[in-house]
Amino acid sequence: MARQEVDVLQGTLDMLVLKALTWDRMHGYSILAWLRQATDGELRIEDAALYPALHRMEARGLIEAEWGLSENNRKAKFYRLTARGRRELRAESESWTRYVAVIGKVMSAGRAAGASVP
Amino acid sequence: MIDPSSDESAGRGVPVWRRYLRLRGGDVRADVADELEFHIEMIAERLIGQGMAPDQARARAREEFGDFERARSLCEGIGAEMARRHEWAELLDSLAKDARLALRSLRRAPGFAATIVITLALGIGASTAIFSIVRGVLLRPLPFAEPDRLVRLWEVSPRGDDHNVVSMGNYVSWRDRAKTFSAMGAHSGSFSVTLVEAGEPTRITTADLTPSVMQVLRARAALGRTFVADDDKGDGRAVVLSHALWVRRFGADPGVVGRRLVIDDAPYTVLGVMPAAFEFPSAGVDIWRPVTADHIDPNERRSHNWYVVARLAPGATLAAASAEMRAISGALAREFPQYMTGFGTNVVGMADDMVASVRPLLLILLSGATLLLVVACANIANLLLARAVGRRREMAVRGALGAGRWRLTRQLLTESVVIASVGGLLGVAVAALLTRALTMLAPDDIPRLSAVRVDGAVLAYALATTLASGLLFGCVPVVRILRSGRRRGESLHLALRVSGDRGGSARHVGVRSVLLVGELAVSLILLSGAGLLLRSAHRLASIDYGYRPAGLVAASFDLPRARYDGNDRHVAFYDQLMAGARELPHVTGVAGTTEEIGSSSSMTFSFAIEGKPSRNASGREDPQPLRVVAGDYFRVMGIPVHRGRPFTPADRADAPPVAIVNESLARLLWPGADPVGSRVSFVGPSGPWLQVVGVVGDTRSNAADAAPVPALFVPFAQKRWPWMTWMTLVMRTDAMASVNTLGSGLRGLVRQVDARLPVQDVSPVPDRYRESVGRRRFATVLTGAFAALALLLGVVGMYGVVSYGVVQRRREFGIRLALGARASQVTGVVVREALALAGIALVVGLAAALGSTRVLAGLLYEVSPRDPITFAAVAVLVAVVAMAAAWVPARRATRIDPAMTIRDA
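Chains A and B supply the protein sequences, listed in that same order.
Residue numbers for the first sequence follow the numbering used here, so the first one is 1 and each next one is one higher.
Residue numbers for the second sequence follow the numbering used here, so the first one is 119 and each next one is one higher.
A hint or two may mislead.
Derived SDA-like pairs: lysine to any residue, alpha-carbon spacing no greater than 25 Å straight-line [to be verified]:
no. : chain 1 : residue 1 : chain 2 : residue 2
1   : A       : K75       : B       : A177
2   : A       : K19       : B       : G184
3   : A       : K75       : B       : Q742
4   : A       : K75       : B       : P172
5   : A       : K75       : B       : S191
6   : B       : K297      : B       : A438
7   : B       : K351      : B       : G376
8   : A       : K75       : B       : G376
9   : A       : K19       : A       : W34
10  : B       : K351      : B       : L379
11  : A       : K19       : B       : M200
12  : A       : K75       : B       : E181
13  : B       : K730      : B       : Q742
14  : A       : K19       : A       : W67
15  : A       : K75       : B       : D185
16  : A       : K75       : B       : R147
17  : B       : K837      : B       : F896
18  : A       : K75       : B       : M200
19  : A       : K75       : B       : G167
20  : A       : K75       : B       : F800
21  : A       : K75       : B       : Q456
22  : B       : K297      : B       : Y425
23  : B       : K730      : B       : G376
24  : A       : K75       : B       : M170
25  : B       : K215      : B       : M200
26  : B       : K351      : B       : W841
Rather than coming from a laboratory, the hints here were simulated on the basis of the structure.
Make a model of the complete structure from these sequences and hints.
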C-alpha cells in the first residue's frame, strides 16, 4: 500500500453518495464498497462518517430508506434516490465540473496568458 | 409523540421489519443500532473471508468502522428530529382535514351553525368584556414604579371608621417617627378651582399635595419637572399640569413650561406636564399644586382632611408597617389625649385600597357572565347532540372503514373547536364593542376605568374561554357517539339498517334533559339575581327622601377668597344672587346650602350642649354633620318643621345665633327631651351659644341608599367660618322650567355681579343621586341582560328538547291518535313531561340561587337576598316560559298523521 490516500472533501461526500445511488438502491456498506472501488481505494472515507451523512440526506428528502434483505440474506437498510435527490445530484455535479474546470484553468495557466495584462 | 428511547416494541418481540412497516416513526434507536451493526458484520465477514479468525475479525471490524458511539448518537438525533417533524406534519395535516370537514358540514346546516355561533359569540363576548374590566380595574398594576410597595395610611376614628382622613398634625408625627417607610406624603382630595386663561374662566380639578408625594410615587414629568423636596419652601405658586389639560387647554404646546397662569385669582407658574398615564389621586385631576411648609401646621389635630400615601422602605412589610403605626398612634394618644384618644391607624396596600369597594361588584358581574356562558355551552351541547343522532351512521361508516375511536373523537372535538373558534372570533368583536359601551355605562366612581382596554391578557382570556367551551360542549356528543358505538358492538350493518332512531333514544333524551335542566337551573340563578336587583331598584325609586327632590334644580358656586374675604361679603354675594334667582321665570323658591347633595362626603363639626357633660376630653360631643343654609331653605326643599320654627330673614349676622336640629340628631343627643330652647356651642362648654329654635324632619340628602344622618343646621348669614365660601343654590321650579334656560338665566345674573365667576353643574337635584345608585344600576342592567339572554337560551333549549322528543315518539303519538286519543291528551302528555323537567330545574335552580344570592347583599337596598316574592316571581316566570316553549312543539304532536308514521316505520 504505497499509494497516497486522499481525504474526502467536506460536502463532496454527499455528492458521491448520490452518485453511488444513481442506478440502484444500496445499503451503507455497499455504497462505501462501490466508492472505494470507483476510486481505486485512493479516497479515504471513515465508515462511521457515512451514516450521519446518509441520515441527514434522508432527512433532507434527497434519499429514502427501506428495510430489505441483503445479498447474504440479512436485514439491511437500503437507500434509494428520490426525485429531489436526482435533481440535487445533477446540480451538484454540474457546479463541480465547472469548479474543477475553472480551478484547473488557473492551475495550468502559462506565463504567456498573464503577460497580456497591461 | 414517539419516544426514541423506548424499547417497548422490541421487548414485545415484534420483528424489526414489522416495526418499520408501521409507516415510519418506528423505533429510531433500535433501527440505528441495527443498521450500524449490519455494517460491522459485513466488514467482519470480509475479514473472515480473507482468513481471519471470527473473534479477531469482529474486534478488527469494530476498529475499522471508526467512532461507533458518535455515529450512533448523531444518527439517533437526526432520526428523532425527523420523527418529531413527521408526527407534527401528520397531526397538522389531519387537523386541517378535520377542520375542513367541520366547516363543510357546518355549511350544509347554516341555520344550525349560525345559532351556535351567535349563542357562543354572545357568551364569550359578554364574559370577555367583563373580564377586560376586571383586568383593567382589579388586576393591572398601578401605573407607578414598584406599585406593590405603595400604601395608604388612614386614621381609625373612635367611631370605628377605618378610612378616616388624617389631620396635618398626625401626618407630620407619622412622617417624622415612622421608620418602615422610605417616603411619605399628604394630599388633599380633588376639588375644583377656576383657571382664567385668555380672559375665559373655566373650572378645573386640582389636588394639592406635599412635594414628597411625587417622591413616594417616583413620578417623573413628561415635560419640564415635577415637584422636588425644595418646592415646599417656596410660595406654593407653582403647578404641574396633567397631560389631558395640557392637550385640551394648551394645544400640547411644549413652551408651556414657565408660563404664568391665573388660578382662583392668584398667579401660578407652570413647572411641567405629567405623562398621560399619571392619574392621582383619581382620574380627571387637571393640575397639582404643592402644599408648602407654611401650610403645614404640625399642631393641627382637630381638623381631619388630608390623605396620606407612603412607600414601604426596602425590606419592610405591610405587617411591620402596621405594627409600627400602631405603636406610634398609641404614643400620640398618650401625648395628645384631648384629640387622639380612641384613634388608631390603618395601613392598606394602595391598589387594594383603591379597588376594594368595587371588587365584589366586578366579581359578581364576572360570575354572572360566566354563568351565561355555561348556559350557552349547555344549549350548544344540546344542539350538537341533536345533530349527532343524524350522524350516527356517518360515524359508523367511518368506524367500519378503519377510523379508530381516537380518530373519531378527534374529528368531533376538532369540529367543536372550529365552531368555538368562529364563535370566539365573533365574541372578541362583541367584547370590543361591549367593553367600550360598558366603560361609558359604568358609574363614575369605579376607579381606574381608564386602564380598561382589550389587551393581550384579555385576548388570552377569550382564547381560553373559547377552547374551554369548545371542549366542554364538544365532549357531550363525543361521549354519546362513542358510547352508542360500543353498545352496538360497533356494528355497521345495524347502524346502516336502522333508518329512524329507536334504540337508545330514551337515553339520548335523558342526556339532553339533564343538559336542559342544568341550563334552566343556571338561568334561574341569574334571573333571581336580576330580580333581586330590580326589586331593590324599585325600592330605591320609591324611597322617601324626607324632602321633595323632584322639581328642584341645583347649581354650585364657589367664591375665590382673594376677592371675597370675610363672611359679610359671602353673605352679600349670595343674598344678591338668590334675590336675582327668585325673579327668574318658573322659579317659585330659592335657597342655599353648603352640603353637596347626592354626595356622601359631609362636613362634620363637634359642639358642646349647655348643661350636658360630654365624655370627650374636649367637652364637646362627637362631630356631627353641619349644614349651613340660606334663604327659605326648609320650605324650598320641602323639609317639614316638626317643632319650633324655621330660619327667618331676621336671623341675621347681628341677631342672636340660632340653630336647628333634625330628628336623628334630636334622638341622638336629646333622647326623650325637646331640643328646642337648649343651647349649643362650637367652641366649648362655656359658649358662645347658639339657641336651638326648631326640629326638622330627616332627609336622605347624602345618598339615596344611605340611612338619614343626624344634622345640625345654622343660617348662612350667621356662619363664623370665613373659609366656607361655597354654596349650592337650590331652586324650586314649576313644571314648565327647563334646566338650560335656568342655567343661562343664572349665568346672566352672575355676570352682572362678577364676570370672572363660573357657574358649575346646573342640574336637576334627582340627577345628583345618580352616582350613589350608579353601581346598583350598572349591576342591575348587566345582570338583567345576562338573565334575559339566559332565559332566551333556556326557551330555545326547551323548545329543542321537546321538539326532538315529539319527533322521536311520533309513532307512539300516531298510534295513540289512531286509537282515538284526543289532541288535548297528546298535548297534555308532552307538556306534562316538559313541566316535569322544568320542575326539577326549578328545585335545583332555586336551591342554588338561595345559596348564592348572598353575594349580592352589598348591592341590595332593603331587599333580603332571599326575598320570597322575588324567588316566587322568578319561579313562576320560568315555569310559564318553559310551558310556552313546550306548547308549540306539543301542538305539532297532534298534527301527526297516524297512517303516515306507521307506514314510515
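Hint by hint, here is what the structure shows:
{"no.": "1", "hint": "A:K75 - B:A177", "in the structure": "21 Å, holds"}
{"no.": "2", "hint": "A:K19 - B:G184", "in the structure": "23 Å, holds"}
{"no.": "3", "hint": "A:K75 - B:Q742", "in the structure": "101 Å, violated"}
{"no.": "4", "hint": "A:K75 - B:P172", "in the structure": "20 Å, holds"}
{"no.": "5", "hint": "A:K75 - B:S191", "in the structure": "21 Å, holds"}
{"no.": "6", "hint": "B:K297 - B:A438", "in the structure": "10 Å, holds"}
{"no.": "7", "hint": "B:K351 - B:G376", "in the structure": "18 Å, holds"}
{"no.": "8", "hint": "A:K75 - B:G376", "in the structure": "90 Å, violated"}
{"no.": "9", "hint": "A:K19 - A:W34", "in the structure": "10 Å, holds"}
{"no.": "10", "hint": "B:K351 - B:L379", "in the structure": "20 Å, holds"}
{"no.": "11", "hint": "A:K19 - B:M200", "in the structure": "24 Å, holds"}
{"no.": "12", "hint": "A:K75 - B:E181", "in the structure": "22 Å, holds"}
{"no.": "13", "hint": "B:K730 - B:Q742", "in the structure": "16 Å, holds"}
{"no.": "14", "hint": "A:K19 - A:W67", "in the structure": "21 Å, holds"}
{"no.": "15", "hint": "A:K75 - B:D185", "in the structure": "22 Å, holds"}
{"no.": "16", "hint": "A:K75 - B:R147", "in the structure": "16 Å, holds"}
{"no.": "17", "hint": "B:K837 - B:F896", "in the structure": "40 Å, violated"}
{"no.": "18", "hint": "A:K75 - B:M200", "in the structure": "22 Å, holds"}
{"no.": "19", "hint": "A:K75 - B:G167", "in the structure": "20 Å, holds"}
{"no.": "20", "hint": "A:K75 - B:F800", "in the structure": "109 Å, violated"}
{"no.": "21", "hint": "A:K75 - B:Q456", "in the structure": "102 Å, violated"}
{"no.": "22", "hint": "B:K297 - B:Y425", "in the structure": "19 Å, holds"}
{"no.": "23", "hint": "B:K730 - B:G376", "in the structure": "57 Å, violated"}
{"no.": "24", "hint": "A:K75 - B:M170", "in the structure": "24 Å, holds"}
{"no.": "25", "hint": "B:K215 - B:M200", "in the structure": "22 Å, holds"}
{"no.": "26", "hint": "B:K351 - B:W841", "in the structure": "24 Å, holds"}
Checked against the numbered hints listed earlier, the structure breaks hints 3, 8, 17, 20, 21 and 23; every other hint is satisfied.
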